[in-house]
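Colleague: Sequence:
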Amino acid sequence: MSRASWLTFFVLVLYVGGYVAFRQTHIEVWERDKRAYVIFPEGFGSTLYYLWRPLSYLDGTVTDVGSHIGPHR
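First residue of the sequence shown: 85, per our numbering; consecutive thereafter.
Between beta-carbon pairs, the in silico distance windows are:
id : residue 1 : residue 2 : range
1  : Arg-87    : Ile-111   : 35 to 45 Å
2  : Gly-154   : Lys-118   : 18 to 28 Å
3  : Glu-115   : Thr-147   : 18 to 28 Å
4  : Arg-87    : Asp-117   : 44 to 54 Å
5  : Thr-145   : His-110   : 11 to 21 Å
6  : Ile-153   : Ala-105   : 12 to 22 Å
7  : Ser-89    : Gly-129   : 27 to 37 Å
8  : Arg-87    : Gly-150   : 34 to 44 Å
9  : Pro-125   : Thr-147   : 15 to 25 Å
10 : Leu-142   : Lys-118   : 20 to 30 Å
Hints listed in this document are in silico derivations from the structure and should not be mistaken for laboratory results.
Given the structure is predicted, the values throughout are model-derived calculations rather than measurements.
Glycine included, every Cβ here is placed at the ideal spot set by N, Cα and C.
Whole structure, please, built from the sequences with the hints as guidance.
Modeller: Below, the structure written as structure tokens:
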């Protein structure tokens, strides 16, 4: 593999690994609908929300876990 391929692979692993780690530590079940949601914090969380949005769509399709910026009200 070329150096560019290794770098691309490394960045992709960090991207997916970062989302998985964040997801595991920021998931909660909303009492109203009994569904699990990945809760992105308000403020800088919106940046993470849009950065990881492609993975959130895939995650939601496969596991039926939603995503939300800030706490449910």
